[in-house]
Amino acid sequence: MRADMTPILHVRGLARRFGGLQALGGVDLEVARGEFRAIIGPNGAGKSTFFNTITGLIRPDAGSVTFAGRDVTGMAPDDLVRAGMGRTFQITSVFADLSAQENVQVALLAHARQSWRMWARAAALHAERAAELLALVGLAGSEARHAGTLAHGDQKRLELAIALAGEPTLLLLDEPTAGMAAQERIESISLVHRVARALGVSCVFTEHDMAVVFAVATRITVLHQGRVLAEGTPAEVRANPQVQQVYLGESVIAEGVHA
Amino acid sequence: MNRSRTLAVLAALVAAALPAALSDFWIFIAIEVIAFALYAVSFNVLLGYGGMLSFGHAAFFGVGAYAGALMVRKSGFAPEAAFALAPLAAMAAAAAVAAVVGFFSVRRSGIYFGMLTFAFQMLLYTIALKATGLTGGDDGITGLKPPGALARPAVYYVFALATVGPALYVLYRLVNSPFGITLRALKANPRRVQYVGVDVRSHQLAAFVVSGAFAGLAGAVFALSSGNVFPAWLNWTASATPIVMAVLGGVSSFLGPALGAAVYVVLEVVISGRTEYWPLVMGVIILALVLLMPAGLTGLWRRRGAP
Numbered sequence: 001m002r003a004d005m006t007p008i009l010h011v012r013g014l015a016r017r018f019g020g021l022q023a024l025g026g027v028d029l030e031v032a033r034g035e036f037r038a039i040i041g042p043n044g045a046g047k048s049t050f051f052n053t054i055t056g057l058i059r060p061d062a063g064s065v066t067f068a069g070r071d072v073t074g075m076a077p078d079d080l081v082r083a084g085m086g087r088t089f090q091i092t093s094v095f096a097d098l099s100a101q102e103n104v105q106v107a108l109l110a111h112a113r114q115s116w117r118m119w120a121r122a123a124a125l126h127a128e129r130a131a132e133l134l135a136l137v138g139l140a141g142s143e144a145r146h147a148g149t150l151a152h153g154d155q156k157r158l159e160l161a162i163a164l165a166g167e168p169t170l171l172l173l174d175e176p177t178a179g180m181a182a183q184e185r186i187e188s189i190s191l192v193h194r195v196a197r198a199l200g201v202s203c204v205f206t207e208h209d210m211a212v213v214f215a216v217a218t219r220i221t222v223l224h225q226g227r228v229l230a231e232g233t234p235a236e237v238r239a240n241p242q243v244q245q246v247y248l249g250e251s252v253i254a255e256g257v258h259a
Numbered sequence: 260m261n262r263s264r265t266l267a268v269l270a271a272l273v274a275a276a277l278p279a280a281l282s283d284f285w286i287f288i289a290i291e292v293i294a295f296a297l298y299a300v301s302f303n304v305l306l307g308y309g310g311m312l313s314f315g316h317a318a319f320f321g322v323g324a325y326a327g328a329l330m331v332r333k334s335g336f337a338p339e340a341a342f343a344l345a346p347l348a349a350m351a352a353a354a355a356v357a358a359v360v361g362f363f364s365v366r367r368s369g370i371y372f373g374m375l376t377f378a379f380q381m382l383l384y385t386i387a388l389k390a391t392g393l394t395g396g397d398d399g400i401t402g403l404k405p406p407g408a409l410a411r412p413a414v415y416y417v418f419a420l421a422t423v424g425p426a427l428y429v430l431y432r433l434v435n436s437p438f439g440i441t442l443r444a445l446k447a448n449p450r451r452v453q454y455v456g457v458d459v460r461s462h463q464l465a466a467f468v469v470s471g472a473f474a475g476l477a478g479a480v481f482a483l484s485s486g487n488v489f490p491a492w493l494n495w496t497a498s499a500t501p502i503v504m505a506v507l508g509g510v511s512s513f514l515g516p517a518l519g520a521a522v523y524v525v526l527e528v529v530i531s532g533r534t535e536y537w538p539l540v541m542g543v544i545i546l547a548l549v550l551l552m553p554a555g556l557t558g559l560w561r562r563r564g565a566p
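Heads up: the sequence lines are chains A and B, in that order. Going left to right, the first sequence walks through residues 1 to 259 as this note's numbering numbers them. Going left to right, the second sequence walks through residues 260 to 566 as this note's numbering numbers them.
Treat the hints loosely; a few may be bogus.
[Said to hold, decoys possible] Simulated restraints on C-beta separations:
no., chain 1, residue 1, chain 2, residue 2, range
1, A, Arg-129, B, Val-359, 31 to 41 Å
2, B, Ser-485, A, Gln-90, 48 to 58 Å
3, A, Gln-22, B, Ser-368, 52 to 62 Å
4, B, Gly-369, A, Asp-28, 36 to 46 Å
[Said to hold, decoys possible] Computed footprint of chain A on chain B; a stretch qualifies when at least three of its residues, placed anywhere within it, have a C-beta under 8 Å from a C-beta of chain A:
no., segment
5, 430 to 436
6, 449 to 457
If you're looking for bench data, these hints aren't it; they were derived computationally from the structure. Here a beta-carbon is modelled for each residue, glycine too, at the ideal position from N, C-alpha and C.
Just need the whole structure built from these sequences, with the hints factored in.
Right, here's the structure in full:
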């Protein structure tokens, strides 16, 4: 098998202004296939805007996004997903009124382009695959539970299963461990890491917790005031004086995994 | 056995036995219940499943009623053929109007969606009122009479049941289909559903058209039974009817709105026969029912039936 050398994600000069605030001031990013890329930065660095611009929620003022060799700048979310880009949200985003099983089925049906079928019984379709995906993220036995009644951590797992149902080649995770206790965070990101590895999915994730970042990231991009401040391996980024400057007072960077 | 199926079997048994037990007057009321049951259920496909509150659904009921009436009155076909085609004409006309109204309305959500449906309804109401040559204007279209034996209430009752029953089954299949589950997901989280690869607007529009078409069918079934159509059927006050019926019966159950329709129609008949202040009494009763049973009549049932 020959490795595909095209970057899975190539962002060039991405810019976006909100009124007087330059949220993104020309961001470049290149992510190779198989990477587990962390995007870090202090609050207001533009991480969420960056994510939302790549995934079609926000239109960029300038710049381009190339996904697996294809220009997808400004493409609508549903088209991006069908092209193979999956995402999860900082604020957990599942279908609360549906069962866990149905949550995944909706995604499987859409992926199979069956969401327009009006006569078939949905319950019978993709039930096995949905159960498999739930088991993969550790939710076996919770199939019939209403998603809204699941614990926060389990909803995050469910969201991962929903995203995986679309068989993405790239998964963008916006603060996948937000709202979790420290121990749970490492477990959670390890699960994402393990599953992504097993399925060959490249990942880009934003994260506040440096322990989580250093536990799994292959490379790290540091955003600061809407620009890329630094990029490199975890060791390079940790040793970067500019990064230490930005995170002044947050000794976590220097301490790394011990945080 | 699930709740909807129990309710459906029960309703079918009662419905089949009814004409033998009722006077012509009550058979006529039963026909009204059947028509409004379909109206309320079709409305609830939007509200209960798709999370879209239409303030203008009477427009589709009204358009269907006029289309059915015009087919019978003005098409020039033999009476039997015209009558047989009336339900189809009603569905087609209502679907076409719903496609236009829906095309613009689904571009907005929540209260703005509601306002757009409201505005289109006022437009259609004005057309019904002013296009005198076609609609009879303020006088409406009156004196419609089904051909042959269908003019007898007991026979028309069977026709109404045979039309509405399959229509309800089609809608039941729809809400349990991949499209139906996608609608529920869309109601639960419209942003997330985009990120499983669903185009939100086109699915909303399709639901709107289907809902409008069946509301139109309900309008025709009712119009040909009552023998007339009036522009007031499209007025904005008329759009409250399916909302009240659906909420009364319960929006989270498929047949809840049908039960709501039955309760509403029968209450209205019973109370209006006793006092001229019937809207006041109706209002108080509905207020009490909604306050005591926030999940509707079927919600009460479910709570009791839940393990």
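Next on the checklist: Checking each numbered hint in turn, tell me which of them this model violates, lowest number first.
Outcome noted: Of the numbered hints, just 3 does not hold.
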